[in-house]
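Colleague: Listed below, chain by chain, are the residues.
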Amino acid sequence: MGNKVKYRIGKSAGFQVLTVVLAFACVIPLIAILIYIIRAGITKINWNFITNVEKPVGEIGGGIAHALLGSVLVIFFASVMAIPVGILCGIFLSENKKSRLAYWSRLSVDILQGVPSIVIGIVAYIWLVKPFGYSAISGSIALAIMMLPIIIRSTEETLKMLPDTLREAGFALGMPFHRVVLKIIVPCGISGILSGVMLSVARIAGETAPLLFTAFGYQFLSANMAKPMETLPHLIFKYAITPYKDWQDLAWGASCVLLVWVLLLNILTKLITRKWKVQL
Amino acid sequence: MESTIVKAINYNAYFGDNHVVKDVNIEIPKNNVIAVMGPSGCGKTTFLRGINRMHELIPGATAKGQIMLNNEDVMEMHPIFVRLKIGMVFQRPNPFPNLSIYDNVIAGYKLNGIKLPKAEKDKIVEHSLTRVALWKEVKDSLTKKGSFLSGGQQQRLCIARAVAMEPEVLLFDEPTSALDPISTSTVEELFHELKKNYTLIIVTHNMQQAARVSDKTAFFYVGELVEYDDTKKMFTNPSDIRTQNYITGRFS
Amino acid sequence: MDTPVNNDLITRSGITLERVISSEKIRDAVKGIKRIKRSHRQIKAESIFRRTLTIVGLSMVVLVFGIMLTLIVQSFPSLKALGVGYLWGQTWDPVRDIYGALPFLMGTLLTSFTALIISIPFSFAVAIFLGEYYPKGWLANFLKNTVELIAAVPSVIYGFWGLAVLVPIVRSLEVSIGVPSIGYGIFTSSLILAVMVIPYAASLGRSMIQMVPSNLKEAAYSLGATRWEVIRSVILPYTRSGLFAGILLSLGRALGETMAVTMVIGNTPLMPKNLFSTGNTMASVIANELGEADKAVYNSALIELGLVLFLVTVVINMIGKKVIGRFTNE
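Sequence order for the protein chains is A, B and C. According to the working numbering, the first sequence is numbered sequentially starting from 141. According to the working numbering, the second sequence is numbered sequentially starting from 40. According to the working numbering, the third sequence is numbered sequentially starting from 5.
Source of the hints: derived by calculation from the structure; they are not laboratory data. Here the structure is a predicted model, which is why all the values come from computation and not from measurement. Fair warning: there could be bad hints in the mix.
To be verified - Here are the simulated DSS-like cross-link-like pairs (lysine-lysine), alpha carbons at most 27 Å apart as the crow flies:
1) 35(C) / 323(A)
2) 272(B) / 46(B)
3) 221(C) / 410(A)
4) 162(B) / 175(B)
5) 148(C) / 238(A)
6) 151(A) / 160(B)
7) 151(A) / 154(B)
8) 221(C) / 140(C)
9) 300(A) / 48(C)
10) 184(B) / 326(C)
11) 415(A) / 35(C)
12) 175(B) / 146(A)
13) 149(B) / 124(B)
14) 103(B) / 221(C)
15) 178(B) / 154(B)
16) 160(B) / 184(B)
17) 84(C) / 146(A)
18) 178(B) / 144(A)
Looking at chain A on its own, in the form it has when it is part of the complex (with noise of 0.2 Å):
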């Protein structure tokens, strides 16, 4: 009886051990890659490359300005249009839990969080491509719909937890429904409503997907949202599985840029959403 009792306690400890192990094993990957990508990558830094435009292979002092320019327009645009119409979204199903409406808006969401981003990418080629051509804003419009479902979950979780009571006040005091709903309630949720922002942006900055039959790519410094426009990721992508030296250098320059920038805004998110004390 004792022999027995005591393989099950070694089996159990084990058992411990293994969890560990495999757990911990997790973090390997990620910190071989941070590693990896920002000693090849850093060196490959300097003014000559935040400042400059690629450059065709073989000639030096290439960079990739355009590239970061065109990303952060193409966010900031995907950001404006997908910004208000989630939030907005996001009340209309907080406050309107039960109507049939909602059920099919609150379905349609679940939907569109797990359609992949290739596939997006499809549609917006479909519809914007096809009859005008690349463009920088058909990106911007492939990214607003991927940030979509983010806002408008983390907007209707957030403010379907403040309490009815918070709203029978305002309309106590006269106050109709939009000002209840703008004046009251969603400065009260406005933290988990950023966070969800933010996580949102966090989400899109690195992808890549969509972009490949919108935006494109372009050579050159632009800031003409109805032509293509190279960004970040897509530059990545598109250096990356080049045979030549100096465009896989500029691949990894970039790669580090891309990587700590994403990184450090899901650290930030993190960090606010905590400070906050959101419950996403």
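Put chains B and C on the given structure of chain A with help from the hints.
Modeller: Here is chains B and C on its own, set in the frame of chain A:
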């Protein structure tokens, strides 16, 4: 002179730095029902859970002292051995939801990897369910899951599960506080039967229950064992003023 | 109001009084009108707001519907010209107008399921570690945040790293096994996918495991179970459906992943012979070829693959969500 089956010697329990059970010394005689009562936060449940080494499952919980089961110190044994000899029934009935009634009763054997032939398992199941007066009610639904049972029946199933392991001592942590009055009295009737074969230690905050079912009562207050005596004497002529105040309802 | 007292005074100052009274009346009337106007404005604003909300809510339904419809309509040319059998065709040669998507279906299935199999022990280890052994504390926070950051790394960076680091490693592995050593292929893609997919099953599994009532665990402990036995006989059965939903979530993610896979899978439109062959997935062939697919049928065939991806991932995600919903409601 009844023999002592459980004896606590200078037992102390802590949650981190919080000293919740202070220097308890108590001798519990065999085949008795001992009620442990006191106001909330007095340490009675912590003490009870210390007896079968459940206390230390909570992160940060520690204990010092000795608890003798017959002649072995429970604090020195591996918890698994302790729990095979000291069973526990909890406040909210907790039969395993994914197991049938039959499997629930012999769950202890299965968990401990003890393989038994079917005939013997059947015997144990019938024996245990009879001991808790549940056999007749469920003997035709042994393969069903226990979710259709009432609260009182589920609690009796949990008692059967503990009894199936043939422990020497049974610990009850407020076993009827989640039950309706009829189920409560059914379970209380069981105590009288069960004590023939086991020693029962029952934590309760229901004084009337303590008076009804127990032979001896221990009164805890702010972590200390204030008084421990025959139930009849405790309730009619308590020695300590704190016991008296509690019994007369000065505080609860 | 007519007061007969002091008619003279009133008559003389009556104009003033009346004017006073009437001007007060006017003031009240104006105030009243202003209030009514404001209320009217507010009521109008309120209804505009409500209508805006409804429109926005409706637009989500329209959007998703539009996506589905677009994919279906744009797949028509391919469906008409090639029939549904296209999905089982084994040869993909757009130059000669031969289309068969089976290589890509196989590629997708192979990479996704291999990735799943590789990642599940790790995901579950994280889930059990954070859900049962160490739900709190700085170590737990570190692990939790790190695993979540895995999901934050852009897939193109996973792809580039895979290209530079994993491909040579797999190449030497293939040499030692005696398989043609290319480095690229299904196996390499599965490795990268496995890493990318860990956080999904891990985080869902963790929240499911944390929901196991301590009452049940204590019952098992009190019967003499070891910790492993409590996990095996109480926690795992209780969270079975939740863990399954987590796996589905990871699977959905794996099926749709594009960039990382494209960069290491080798991009050959051939039926994969074994795990170490190069190949293509539905997502990666779309990524590679949609931009250059000039022929209508070619273009449409690729979009049809997009439709299949859409349907499959949506169904898997919906099943996963339903399972979770039922689990949390029990």
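Colleague: With reference to the structure, classify each hint as holding or not holding.
Modeller: Checked hints:
no.: 1; hint: 35(C) / 323(A); in the structure: 25 Å, holds
no.: 2; hint: 272(B) / 46(B); in the structure: 21 Å, holds
no.: 3; hint: 221(C) / 410(A); in the structure: 32 Å, violated
no.: 4; hint: 162(B) / 175(B); in the structure: 14 Å, holds
no.: 5; hint: 148(C) / 238(A); in the structure: 35 Å, violated
no.: 6; hint: 151(A) / 160(B); in the structure: 26 Å, holds
no.: 7; hint: 151(A) / 154(B); in the structure: 18 Å, holds
no.: 8; hint: 221(C) / 140(C); in the structure: 18 Å, holds
no.: 9; hint: 300(A) / 48(C); in the structure: 26 Å, holds
no.: 10; hint: 184(B) / 326(C); in the structure: 24 Å, holds
no.: 11; hint: 415(A) / 35(C); in the structure: 47 Å, violated
no.: 12; hint: 175(B) / 146(A); in the structure: 39 Å, violated
no.: 13; hint: 149(B) / 124(B); in the structure: 16 Å, holds
no.: 14; hint: 103(B) / 221(C); in the structure: 25 Å, holds
no.: 15; hint: 178(B) / 154(B); in the structure: 22 Å, holds
no.: 16; hint: 160(B) / 184(B); in the structure: 18 Å, holds
no.: 17; hint: 84(C) / 146(A); in the structure: 69 Å, violated
no.: 18; hint: 178(B) / 144(A); in the structure: 33 Å, violated
Hint compliance for this structure: hints 3, 5, 11, 12, 17 and 18 are not met, and every other hint is.
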